[in-house]
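A.B. asks: The chain contents come next:
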Amino acid sequence: MNKILKNILIGFSAIRSSFTRVFLTSIGLTIGIFTVSIVTAAVSSVDREFAKSIESIGNDKIYVGRMPWSFEFDWWNYRNRPEIKEEQLDYINQYSEYVTQSSMKQNYWTKATYENKASWLQMNGVYPNYNDMMTGTKVVNGRFFSENEWKLQRRVAIIGGSVGEGFFEGEDPIGKKIRLGGVSFEVIGELEKTGSFTPTGSLDQVIIMPTTTFQRILTRWTWNEFVLQIDPNNREKAKDEVRMIMRVARKLKPDEEDNFAVNSADAFTKQFNQMKIAIAGMGLLVTSISLIVSGIGIMNVMFVSVRERTKEIGLRKAMGATNTDILIQFLSEAIAIAIIGGTMGILLIRTTLYFIGSAIANIDINGMGSAIDLQMDLLLTFYTFMVCVFLGLIAGMIPARTAANLNPIDALRHE
Amino acid sequence: MTKSKKEIIGIKSVSKIYNLGDTVVKALDNVSLSINENDYISIMGPSGSGKSTLMNIIGCLDVPTKGTYKFNNEKISEMNDNQLANIRNEKIGFVFQTFNLLPKLNSIQNVEVPLVYSSFARAERSLKAKEALKIVGLEDRMSHKPNELSGGQRQRVAIARALVNKPSIILADEPTGNLDSKSGSEILNFFDSLHKAGNTLIIVTHEDSVAKRAKRRIEIFDGKITLDE
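Line order of the protein sequences matches chains F and X.
Just remember that this note's numbering sits 42 ahead of the position in the first sequence, which is counted from 1.
Just remember that this note's numbering sits 6 ahead of the position in the second sequence, which is counted from 1.
Hints may contain errors.
Calculated cross-link-like contacts (lysine to any residue; reagent style SDA-like; alpha-carbon spacing at most 20 Å) [as the list claims (entries may be wrong)]:
| id | chain 1 | residue 1 | chain 2 | residue 2 |
| --- | --- | --- | --- | --- |
| 1 | F | Lys45 | X | Asn92 |
| 2 | F | Lys353 | X | Pro152 |
| 3 | F | Lys219 | F | Ser161 |
| 4 | X | Lys151 | F | Ala56 |
| 5 | F | Lys45 | X | Gly157 |
| 6 | F | Lys353 | X | Gly157 |
| 7 | F | Lys48 | F | Arg58 |
| 8 | X | Lys18 | X | Thr232 |
Since the hints were made in silico from the structure, they are not lab data.
Taking the hints into account, I'd like the entire structure generated from these sequences.
C.D. replies: Below, the structure is given as structure tokens:
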């Protein structure tokens, strides 16, 4: 054991004497490790965000809209579809067995202003019972609007978790007047901050108001959705049923395609998993390429080192070094190069994450902070370290074996 | 040569044959040689005579094609690489024409090299290396690197390195070949004193003046020993 350690130390000491070369070689691995870490961290934080999003979409909801939640966006087909109308929701409420509660949800982006601050936000026009249907968030400050306020088209607004921070900077938003699309609204409630995304935008970035007010003040042309409460065990049946009711409501002939889409969280999961596999696949490809390239770099520099020190190898062998001694010496040199590269990679990624982190803190009003909150823990650092050792071992094996198998007589004669 | 002394090296009808494609080169042809404790031997011969091959075989860097080689009654000719490395490490001290010091290491570290491959603790290694450097008179050059030393001093570091494991034989290949005559004779005087101290020395050379110092001269020509007196 002691003998192995001594050989490792000899290998390491070679690093010091050719530091520039070692440094340049290990930069390849630094970049490799940087990519591995970014990809791993990205995939794992996307994963985490996704779990949160699914929670906000809710397993017990289905959504009817013009377009499917899909990344394969056939815009030219979908854009001509008729708008989802409120009267169709009446059909659903009347005929559906599975839908226990329902709300309209209208979407519109407009400028919201408070004093000298302005921001583009998503306006949602909903029914009063939407309060009971929200998943992943709830009113934590103030209240939701009432049935009466809805009927009377009152200009009241419930603001998303990030909106208050941006506009009121810690002051209590309740009772404040904000202007939405140029019209003054009273803030009556504030939602809990979630830090997550849904296919229809961030829950923290919304302003919720009665549909009646929405239509009177903001726009008649809207992007409409039905939010339908169901029992998750009957989700597929409920989706089929709602689809049939919608077809009837829209008077579609049997040979006509649906001109609407019934969405639910599981469809999104499927899409998302595909995306995740794509990200991970690309990452793996880039990563393996950069690792292979840096491995070749290390191998190359090791061959140079063996050649340069042929005479030293001969001498060490004459002095009693065994083949194994020489093998360990050169393997440890290769591993040391890999570890130097890996350590620089880890430092680089840590610094980068630190700066990304503080940059994100500044633009957190968009609710992006947690989404790119890349995870970098000790375990990952340990894995990175092991990858380096392994890569050094693989890259150093052939040069080290060449060195170990040198004939001492020829090696000594080498100039 | 007195029979009462213990035999260290026993070479019996050793041949070393190289197959170079069609031609077969007999670098050593049926050589027998016995070397005893405290012998002081010079091996002479022109280049291509086989003296390097003989030297490599004596130094356990190479194994004979035919014949037997016994070192301290151990059969070298049947050993594997690791056993040979072990013998070289413990029993043989090498001195080379070009010194072969490692340029990045200082004198102590250079002398420590053989000890690294035997099982000595760090403190013990450095102690032994310092002792060996004292024997060659370099106690004031211990932390100098080879490029800070003169040729003669470098060769003395190399001799200290050969001595440090208290080997059974010291094998010197043209030890004065790269030195001026003054430092060369210093080194040779030092060899004389090593012999007096009881060491066994084998010096390969082609210089008569060097060979004359030895108590026993061996000449080799065309792979055969032509003189042994």
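A.B. asks: Run the distance test for F/Lys45 versus X/Gly157: straight-line Cα separation, threshold 20 Å.
C.D. replies: violated (32 Å)
A.B. asks: Between the alpha carbons of F/Lys45 and X/Asn92, is the straight-line distance 20 Å or under?
C.D. replies: Satisfied, since the Cα-Cα distance of roughly 13 Å is no more than 20 Å.
A.B. asks: Run the distance test for X/Lys151 versus F/Ala56: straight-line Cα separation, threshold 20 Å.
C.D. replies: Status holds; Cα separation ~16 Å.
A.B. asks: Holds or violated: X/Lys18 with X/Thr232, Cα cutoff 20 Å?
C.D. replies: holds (16 Å)
A.B. asks: Take a quick look at whether F/Lys353 and X/Gly157 sit within 20 Å of each other, Cα to Cα.
C.D. replies: holds (19 Å)
A.B. asks: Hinted pair, alpha-carbon criterion (20 Å max): F/Lys353, X/Pro152. Please report holds or violated.
C.D. replies: holds (15 Å)
A.B. asks: With a cut-off of 20 Å on the C-alpha distance, tell me whether F/Lys48 and F/Arg58 pass.
C.D. replies: The hint holds at about 16 Å.
A.B. asks: F/Lys219 and F/Ser161 were given as a pair; does the straight-line alpha-carbon distance stay at or below 20 Å?
C.D. replies: holds (15 Å)
The earlier numbered hint that this structure contradicts is number 5, and it is the only one.
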